[in-house]
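So the sequences go chain by chain: A and B. Per our numbering, the very first residue in the first sequence carries number 105; after that it's consecutive. Per our numbering, the very first residue in the second sequence carries number 105; after that it's consecutive.
Calculated from the structure, these hints are not laboratory results. One thing to keep in mind: the hints can contain errors.
Which copy? The list can't say, so a pair holds if one copy fits it or any two copies do.
In silico SDA-like pairs for lysine to any residue, Cα to Cα no more than 20 Å straight-line [to be verified]: (1) LYS373 <-> GLY221; (2) LYS498 <-> ALA436; (3) LYS495 <-> ASP757; (4) LYS331 <-> GLY552; (5) LYS586 <-> GLY319; (6) LYS498 <-> ASP571; (7) LYS474 <-> ALA567; (8) LYS761 <-> ASN340; (9) LYS346 <-> ASP166; (10) LYS761 <-> SER119; (11) LYS731 <-> PRO194; (12) LYS773 <-> GLY342; (13) LYS719 <-> PHE754; (14) LYS331 <-> GLY243; (15) LYS719 <-> GLY708; (16) LYS149 <-> VAL164; (17) LYS346 <-> ALA237; (18) LYS773 <-> ILE341; (19) LYS373 <-> ILE139.
This structure is a prediction, so every number in the text was calculated from the model and none was measured.
There are 2 protein chains.
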Amino acid sequence: MSSNSTMPTPPNPRSSIAEERANPSFPVRELTYWIDGGHRVTELKERIMLELERDPLWRVSDHPNLSLAETRERAMSKIRRLADLATSRPLEETMIRMSIISVVDPGFWTRFGVHFGLFFGALQGQATPSQMAYWMDKGALSMQGITGCFGMTELGHGSNVAGLETTATLDEKVDEFIVHSPTLTATKWWIGGAAHTATHCAVYAQLIVKGQCYGTKTFVVQLRDTKTFALMPGVNIGDLGKKMGRDQIDNGWIRFTHVRIPRSHMLMKHTKVTRSGEVIEPPLAQLAYGALIQGRVSMVSDSANVAKRALTIATRYASVRRQFGGSVSAGAAETKLIDYPIHQYRLLPLMAQTFAMIFTAREVTANYEKLMGELSDLGEAKDAAADDVIKNLKETHATSAGLKAFCTWMCLNIIDQCRQSLGGHGYSAYTGLSQAYSDFAVHCTWEGDNTILTLQCGRYLVATALDARKGQPLPENLSYLKGAVSATGGLSDRACKGDSAEQVSSLDTLKAAWSSVAANAILNAVRDFEAGLGKGLSKDDAYEFSSASRLHAARMHTYTYLLHRFAAQVDQSPTALRPVLTLLAQLFGAHSAVQHSGEFLQSGFYTGPQIETLKGFVSHACSEIRKDAVSLTDAFNYTDYVVNSPLGRFDGDVYEKYFELVTSLNPAKPVPYFDSLIRPLLERTNETEAGPELEIDEE
Amino acid sequence: MSSNSTMPTPPNPRSSIAEERANPSFPVRELTYWIDGGHRVTELKERIMLELERDPLWRVSDHPNLSLAETRERAMSKIRRLADLATSRPLEETMIRMSIISVVDPGFWTRFGVHFGLFFGALQGQATPSQMAYWMDKGALSMQGITGCFGMTELGHGSNVAGLETTATLDEKVDEFIVHSPTLTATKWWIGGAAHTATHCAVYAQLIVKGQCYGTKTFVVQLRDTKTFALMPGVNIGDLGKKMGRDQIDNGWIRFTHVRIPRSHMLMKHTKVTRSGEVIEPPLAQLAYGALIQGRVSMVSDSANVAKRALTIATRYASVRRQFGGSVSAGAAETKLIDYPIHQYRLLPLMAQTFAMIFTAREVTANYEKLMGELSDLGEAKDAAADDVIKNLKETHATSAGLKAFCTWMCLNIIDQCRQSLGGHGYSAYTGLSQAYSDFAVHCTWEGDNTILTLQCGRYLVATALDARKGQPLPENLSYLKGAVSATGGLSDRACKGDSAEQVSSLDTLKAAWSSVAANAILNAVRDFEAGLGKGLSKDDAYEFSSASRLHAARMHTYTYLLHRFAAQVDQSPTALRPVLTLLAQLFGAHSAVQHSGEFLQSGFYTGPQIETLKGFVSHACSEIRKDAVSLTDAFNYTDYVVNSPLGRFDGDVYEKYFELVTSLNPAKPVPYFDSLIRPLLERTNETEAGPELEIDEE
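For reference, chain A alone in the conformation it holds in the complex (with noise of 0.2 Å):
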């Protein structure tokens, strides 16, 4: 500001951003290959992504100029030839190119998957046999005759499936179901694809035989007749209209009133209801761990990829963005953000992150595929080994259930932060990030309720840790509840060996320092819930007593199976990429570790001085990564299509980039309400007035 200052330097974006590139410490392309698993996953991925960026079907720059009724159309017009590549593609392309779709335009991506995820699956999952064949017949799987939603949520009831209150009744005279919603409440509510749709739903109802009701059961309710559309009798339909984010999806809601159906549309696989009006109910309650299972580890993956996405927006940005410093009297260019240590600090830890969900989600995948197998080996038998995999289904039940939760929620907070790190320029529509919020926020609520799911993988823990205590072996990923368990208890053998910074932060003390503390939460939530008993209290309400330390002992049970997770994958990985994924891996334990401190001191496991080093250690991590930290979103292999974004952009062009983009899809207009508003506001004069004077005021 004073009279000694000379002109700013302008930013040089495509330089800045170069120099990054100049030596990374890993072979990129090696670490993409990693990360896909193999360099034919990644060539396909690149076709893909270069299938879907030359179709003019799939531009998605404009999406914010759209208003809703065009971006549904927009996503109705993609369905047709992504259902021809499904049904004619192998399936593991499909799966790919929808994990793409996943981060180029959610809302698409769950338009077609209510179709081919929960209607087709929840035939797959209860129709019988010749339902199956019925259903096949009429197109249910190629939407050729055939499009369908799921019906189960509904204006009052959300995750309580038991508590819905549609009915199915039977009428044996005619041999019919009468589907009907009793109540306001009772409304289908944000059933998607049924505003535009869906011809078929899959209704969840209340199953009433000889005003007997055996619970919630499933329904296949025609809505729309196929050649016309128009609703079939007692069907009423309503658009429930803007979203927080999603718009692409038509959510709906759906009242039945008296609407009769074949008997034989319930699904029979399970509960079987006879002509006579028997009910066969499956002699066990059946295992629909399965489908929940997939959902959930689908979401852990989901996670990664949006959030790779939202952080190579924030790290390239942060590359070419320069703000202060520098010598500005000397002429010199500002200093650039992602050489600010509180920059590094801000990004880099949603590095480790990111990295963190990418392993995992590889290796509960392939977990979850082995187990079905297993599952599907057993068949009926009843043995130690079908124990053994019943063991650890539940086991991988519970820790997906913690997976979907956190990982979700770190995955919105990243989203969340790199925009903010963005500056103002995050507020922009055209830059990326506060749409990939809108739309990810929704992965917090469905397919389980966050909080409701860290309870249920909290409860899991307690009573795991309790079935241990009497002597019933731990599942793997729970062994280091071993000594805590034990009759001598406590865990205060397990502290950190020494104060050096390498002993504090290596990834053996950072795995043991995980798992002391995961146990020692679990220990609290069986203290809390025991407690809840000692008071009289039923089972039940003793585990809502303890829930706050359940829901902790959930959240510290993931991290630590987060940080094992990607440690193997670590061990495992090319000798060239092991320096640069430990340090990483390490990040992500110490940054942890630092943020839930009172934790490690409690614990024991951490002294003051050894968490002062623990943090000292997270900034020098940083600092590290910081060098490759352009290399590493390159190796996250997305495209500037993919990456749509500006500020994200490959060649650090980002004015110019961002710019144009504005411009070209916000045209120069004449002010529309110029004559209306605006002249009249600028040429008005003062009406208000004192009034005329008054004879009695008059002295």
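Knowing the structure of chain A, use the given hints to seat chain B on it.
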């Protein structure tokens, strides 16, 4: 799910909420008066809320369904009425009206504020008396002839005003400045009101006289002809289009190409440029703190006001929404969300944070006004009294920076946590909190990016601690540093005096605990700063080196400040309110301490078992405050119009009103693209085929 199921009981939301109001522990209306600052203010607020509600221009429930163009036109249509009120009614009333509007319609509030706050504020702060008279005469206050905008930020430059590239070069020959954007990154960007509204702009540009650059000054540049709205020669303006939120305000970009303005359009209250081209700089670098502090203080109020709305919605919904629990087999109603300990744990600490912000906002606003009064009384004197005022001003500047950052972050988190607590319904655009989040998010970026502000606050804390070591007296709000900076150092004598829940969680203990931990955090930042100096870094680089601990020190100081202000207000509150307010203040202090338990263990204030006791207190406090939860939202005294969410209705009739709103805003219509897209999808046949057999393939 078993055959013993009975039909679920539909919820009865009206009676569910009515029973919450049966027996509040405090006089609700008294608390409203205490929050508002007296019944006169409460009644004025009620009058204004009613005026807005009855004015059709002020309909806001349909906002989610408006297009960008409609949103902006609706906003413009409200400007005139409000401008007339602002100039004809007392300032206090205008301020209260604007604070209500900032909750009801934050985007409009910004559009209005750009002229009245930013543009007119620049004139007030930087124009000479004769310049001010000139612009007043042109209608700059009342928008009668002039509508203004504020041209500071550029495409390539946000927070760093000294780095702006726009130039204003004196052409002495004709006594004019030439305003010019030399590069693309010099384009004025984010300028609210530029795209559609403004005739004039207060442009920040580098002052250049006789080839010499004098740093950034402010120049009034006319953008459009006031009669035709045609752009002035050399002025190009574009529309920035869609944003994350606040679409009511028409942000634009502006490029200047050799635009000539009279020399007298430079605002010359401080730096002056004579006819002959002599630049006269002010004797002292001017104290621009005042305006900055005002903006920050107002954002603490805004955070409190928006948080009140979010909690009203979430708390009332939690009191009528039922889910799980209950004895379904007995046909009992499900359990209210608010009866779950985990739900209390999710919402009620946020309620305590909101009260902390309410009371802190009131106190810092009053302090700020007192300080400004003292400052204007000072005149030109340079004596001991002046030193004190300047010292207070610096302290207030730093504290308000920390408050702005942590309160806006706190409020943003409150909005999102409240939204998530609504389950799936939080994702609807009609339940209010998704838009509240998008609108509020920019508060974390503008008026000083939060991260930069925290570092400013932290820098002040480090500098003050260093000064205190040299014997300088500490400002009152930092008196807790007294023992910490003494030669003997250390804080080991400060520790919790007993282990009982009463002792661990009393307000006095919590105040001492936070003071102790804040002092510790500041000392750690000092340690890191000095370690940086020890490595030979410059002072500025040593500050960068210590940025993580500086940010942390700012956080601890700000929470301590919030708790102390909250406690001070509790002490002054009417007797009947004191129990509930005391409990809320304890919950704020205790919950925040548990969230940062590592700091309290490291500082030695609490032991591990005491932290466990504190956690137990948090649960206990939540269960106590739960009894008053709805009454506390009633005391916020927002009408249903201001709450603007069917889920937050006073009467609890959430389902009927939510259904009515959604259906009235989204009336039934035929699916617009059935013939063009859906029918062809359903009726298509497969086109993929294997191709003809090839002769060479024959065997």
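Hints versus structure:
no.: 1; hint: LYS373 <-> GLY221; in the structure: within (18 Å within a copy, 67 Å between copies)
no.: 2; hint: LYS498 <-> ALA436; in the structure: neither (61 Å within a copy, 30 Å between copies)
no.: 3; hint: LYS495 <-> ASP757; in the structure: neither (54 Å within a copy, 45 Å between copies)
no.: 4; hint: LYS331 <-> GLY552; in the structure: neither (36 Å within a copy, 59 Å between copies)
no.: 5; hint: LYS586 <-> GLY319; in the structure: neither (40 Å within a copy, 67 Å between copies)
no.: 6; hint: LYS498 <-> ASP571; in the structure: within (14 Å within a copy, 60 Å between copies)
no.: 7; hint: LYS474 <-> ALA567; in the structure: neither (25 Å within a copy, 60 Å between copies)
no.: 8; hint: LYS761 <-> ASN340; in the structure: between (47 Å within a copy, 18 Å between copies)
no.: 9; hint: LYS346 <-> ASP166; in the structure: both (18 Å within a copy, 11 Å between copies)
no.: 10; hint: LYS761 <-> SER119; in the structure: within (15 Å within a copy, 57 Å between copies)
no.: 11; hint: LYS731 <-> PRO194; in the structure: neither (40 Å within a copy, 58 Å between copies)
no.: 12; hint: LYS773 <-> GLY342; in the structure: between (36 Å within a copy, 9 Å between copies)
no.: 13; hint: LYS719 <-> PHE754; in the structure: neither (32 Å within a copy, 48 Å between copies)
no.: 14; hint: LYS331 <-> GLY243; in the structure: within (14 Å within a copy, 64 Å between copies)
no.: 15; hint: LYS719 <-> GLY708; in the structure: both (17 Å within a copy, 18 Å between copies)
no.: 16; hint: LYS149 <-> VAL164; in the structure: within (18 Å within a copy, 45 Å between copies)
no.: 17; hint: LYS346 <-> ALA237; in the structure: neither (37 Å within a copy, 48 Å between copies)
no.: 18; hint: LYS773 <-> ILE341; in the structure: between (39 Å within a copy, 10 Å between copies)
no.: 19; hint: LYS373 <-> ILE139; in the structure: neither (39 Å within a copy, 60 Å between copies)
Hint compliance for this structure: hints 2, 3, 4, 5, 7, 11, 13, 17 and 19 are broken, all remaining hints hold.
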